[in-house]
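Use the sequences and the hints to build the structure in full.
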Amino acid sequence: MGTSYVVTSGKGGVGKTTTSANIGTALALRGKRVVLLDLDIGLRNLDAVLGLSNRIIYDIVDVATGRAKLRQALIKDKRFDDNLYLLPAPQNADKDALEPEQVAAVVAELKPDFDFIILDSPAGIEQGFRNAIAGADGAIVVTTPEVSAVSDADRVVGLIEQSSMSLPPKLIINRVRPHMVQNGTAMDVDDVTQHLGIDLLGLITDDDDVIVQSNKGETVVMDPDNDASKRYRNVARRLLGETVPLLPVTAQKTGFWHKLFHR
Amino acid sequence: MDAVVLKASSDGFTLRLDEDASFEAILAQLTDLIAHLYAETPEGNVSFTVTTGNRLLTEDQRQHLAAVFDDYPRFAVSALTADVVDAQVAAAKVAAARTHFAGGVVRSGQDLRYEGDVVFTGVLHPGASIKATGSIFLLGHAEGVVHAGFPDNARAVVVGDMTGVEQVRLADAVAIIDDEHPAAGDLCYMDDAHMLNFAPSVQLRQLRPWIFDQVEDK
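Keeping their order, the protein sequence lines are chains A and B. In our numbering, each residue carries its 1-based index in the first sequence increased by 658. In our numbering, each residue carries its 1-based index in the second sequence increased by 4.
By construction, these hints were calculated from the structure, which means they are not laboratory data. The model shown is predicted, which means the values in this text are computed figures rather than measured ones. Yeah, the Cβ is synthetic: ideal placement off N, Cα and C, and Gly gets one too. Some hints could be false.
Said to hold, decoys possible - Pair by pair, the computed Cβ-Cβ distance ranges are:
1. A:727 x B:184: 24 to 34 angstroms
2. B:117 x A:895: 44 to 54 angstroms
3. A:727 x B:24: 52 to 62 angstroms
To be verified - Looking from chain B toward chain A, a few residues come up when the C-beta cut is under 10 angstroms (computed):
4. 18
5. 50
6. 51
7. 130
8. 156
9. 165
10. 167
11. 170
12. 178
Quick look at the structure:
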């Protein structure tokens, strides 16, 4: 029986979809069977981030309304053996096209066949958010070290605590800028965690490669040497119950020769 | 002139309802006629074709007509025909026979639908789709989903540059276009085995000759 996690944030643009895709691929690389559900009805992205857009035939609304069988709609990512699947969202429907009970039913149908079900929530706290949390056993709240994002995350944690999920919510602080941490201008990560009062699942650095890879339809996790990749992989290990210490955030030293040749 | 005329032909019996007579008169005469005929044919099932000329019966009138036959179990109406069709139905038929022209920018999530053939001169973005019951001729730039013969017309084709599209669909079949499976030709058609095939568009003349012979076909 699998466990379902909703990836949510309240605020838009903090990296929910990127986080979902990277945690999903990291778990799949560790041999777990993972299915990613895109619940951003009408503004789907997860398919594009994974480079699977052209393989969409049926979507989650087709499944929920009985137009398609679940196995017809699931898209297998061939790069990860039999371990990573995507259930896409429709692009031409409204958030109201889906009800929370229908999402819960789809998740229940997936649980026997998968170890992890990751629900990528849309921004906001309306119908789309309610749909996403309806099927989840636990929540991964994504925020960035900015006052606006932390404030929205706080609101979302409150809503999640009211929804009686079986697992406590966990926090990912995304887009941490090493040079700002270095020179002391960034919001303190410990302060953010303490303020929100939930367990820290991971700290992801702001890395250009995350965007570069995503534009190619790949996740940064597929590059084993990248700093953000290592951090996502550690998140996956923590979800699997391992105790992994946080990697220190250090700015890359740019020496004279580097500056000279990499302008 | 009689409101109802019975005619016999090699196909069976036809009841012609006079288009100028009132429906009440028709109903009265029909009731008498059927009663008379039923008495004269003691056994065997008889089915009638009812034709209404330049008149379309309303749903209510059709029910009244059917009710006349209810008392005579060996008699039945096999077909109800008219020389005319409803204006809406006629307009839909005309639209389906027409070649449509579509253009402009079709954005992600937008879904163009046409009855009949379409010539597309615009830009179809990824996540957008164009669907036609007939064939689609791409002159513009398409990156989304191109669906000809929607939902079940296997004779439809897609002609044009399909190298950058996400999917080509014909009737109920799908071809996903990617690096491993590129669009190998500027014509996509469905073969007799219900498989999607690509070919150079010059072969359209042989594969779908009727497209070039619209008058004969429609």
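Checked hints:
no., hint, in the structure
1, A:727 x B:184: 24 to 34 angstroms, "holds, 25 angstroms"
2, B:117 x A:895: 44 to 54 angstroms, "holds, 49 angstroms"
3, A:727 x B:24: 52 to 62 angstroms, "holds, 56 angstroms"
4, 18, "violated, 44 angstroms"
5, 50, "violated, 44 angstroms"
6, 51, "violated, 39 angstroms"
7, 130, "holds, 6 angstroms"
8, 156, "violated, 16 angstroms"
9, 165, "violated, 16 angstroms"
10, 167, "violated, 12 angstroms"
11, 170, "holds, 4 angstroms"
12, 178, "holds, 6 angstroms"
Going down the numbered hints, you'll see the structure goes against 4, 5, 6, 8, 9, 10, while the others check out.
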